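Novice: Sequence:
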Amino acid sequence: MSSAGINPPHLSTFVLILAYTITSLVKARGGEGDRVVLIIFVVDCRSRLKPPLPVTYLRNCVMGSKRSAKAKDFIGENGFGFAVNLVSNMVDKFNVVEEAENQLLNAPSLVKPDERIQKISVSGSPRLGMYGSDFGLGELKKVEIASIDRTGAISIAESRDGGGGVEIGLALNKAEIRNFIASLIFDGLCNATLNFNRYHSCKL
Numbered sequence: 001m002s003s004a005g006i007n008p009p010h011l012s013t014f015v016l017i018l019a020y021t022i023t024s025l026v027k028a029r030g031g032e033g034d035r036v037v038l039i040i041f042v043v044d045c046r047s048r049l050k051p052p053l054p055v056t057y058l059r060n061c062v063m064g065s066k067r068s069a070k071a072k073d074f075i076g077e078n079g080f081g082f083a084v085n086l087v088s089n090m091v092d093k094f095n096v097v098e099e100a101e102n103q104l105l106n107a108p109s110l111v112k113p114d115e116r117i118q119k120i121s122v123s124g125s126p127r128l129g130m131y132g133s134d135f136g137l138g139e140l141k142k143v144e145i146a147s148i149d150r151t152g153a154i155s156i157a158e159s160r161d162g163g164g165g166v167e168i169g170l171a172l173n174k175a176e177i178r179n180f181i182a183s184l185i186f187d188g189l190c191n192a193t194l195n196f197n198r199y200h201s202c203k204l
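Note that this note's numbering has the sequence shown beginning at 1, numbered continuously upward.
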């Protein structure tokens, strides 16, 4: 806790990457500042239970988290900082799992379609170790989560070279992907080449 009595944000790789991606996606879509932006991801709750489950537990033990804000909150001068605090708070609320029954009852509302809402969901994590998977076919060359083409989610995975980087996968239309890449290049975070295939990824 800081000297002012306020907990500092949880500055993990996941929080920072997701916060910046959200900010860039909101800018890429443009439109009205009063548009609702809904953020959704799931959290591994094995270590957050009392008593915690062992890491060898392979069944489902995840909980969904959602939070909404206005598009203008992400577009302004302090948009990235706003996104960092929002995602950090979403992660921190799972330090102790409470009211699990209410969370599960509300889960169906996470996926109700609404064209007026910009839904940004996440598939994957930089800590899943996808490139370490061994299916008996040799080293993986590229990990793609094909469902993002249908769901519109962001896919996140660790870098294949193991250097601490992160791979982000997006499925956007041509105009949106141009705006998204332009935002990253403008801020100096990504030296990317546009390649309009079915999927688009950027290594940060």
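Rather than coming from a laboratory, the hints here were simulated on the basis of the structure.
Hints are supplied without guarantee of correctness; some may be wrong.
Unchecked claim - Under the rule of at most 30 Å between Cα atoms (straight-line distance), these lysine-lysine pairs were calculated in the DSS-like manner:
hint, residue 1, residue 2
1, K72, K50
2, K174, K142
3, K27, K142
4, K66, K93
5, K141, K72
6, K27, K66
7, K119, K174
8, K93, K119
9, K66, K174
10, K70, K141
11, K70, K119
12, K141, K50
13, K93, K141
14, K142, K70
15, K70, K50
16, K50, K66
17, K174, K141
18, K50, K93
19, K119, K72
20, K27, K50
21, K27, K70
22, K142, K93
23, K72, K142
A quick note: this is a predicted structure, and the numbers were derived from the prediction, not measured.
Novice: Confirm or reject each hint.
Specialist: Verification of the supplied hints:
1. K72 x K50: Since the Cα atoms of K72 and K50 sit roughly 39 Å apart, the hinted pair is violated (cutoff 30 Å).
2. K174 x K142: holds (22 Å)
3. K27 x K142: Cα-Cα ~28 Å, so holds.
4. K66 x K93: holds (11 Å)
5. K141 x K72: violated (39 Å)
6. K27 x K66: It holds: about 20 Å lies between the C-alpha atoms, which stays within 30 Å.
7. K119 x K174: holds (18 Å)
8. K93 x K119: Holds, at about 20 Å.
9. K66 x K174: holds (28 Å)
10. K70 x K141: At roughly 38 Å apart (the allowed maximum being 30 Å), K141 and K70 break the hint.
11. K70 x K119: holds (12 Å)
12. K141 x K50: violated (39 Å)
13. K93 x K141: violated (36 Å)
14. K142 x K70: violated (35 Å)
15. K70 x K50: violated (35 Å)
16. K50 x K66: holds (23 Å)
17. K174 x K141: Holds, because 25 Å separates the two Cα atoms, which is no more than 30 Å.
18. K50 x K93: holds (15 Å)
19. K119 x K72: holds (15 Å)
20. K27 x K50: violated (41 Å)
21. K27 x K70: holds (12 Å)
22. K142 x K93: violated (33 Å)
23. K72 x K142: violated (35 Å)
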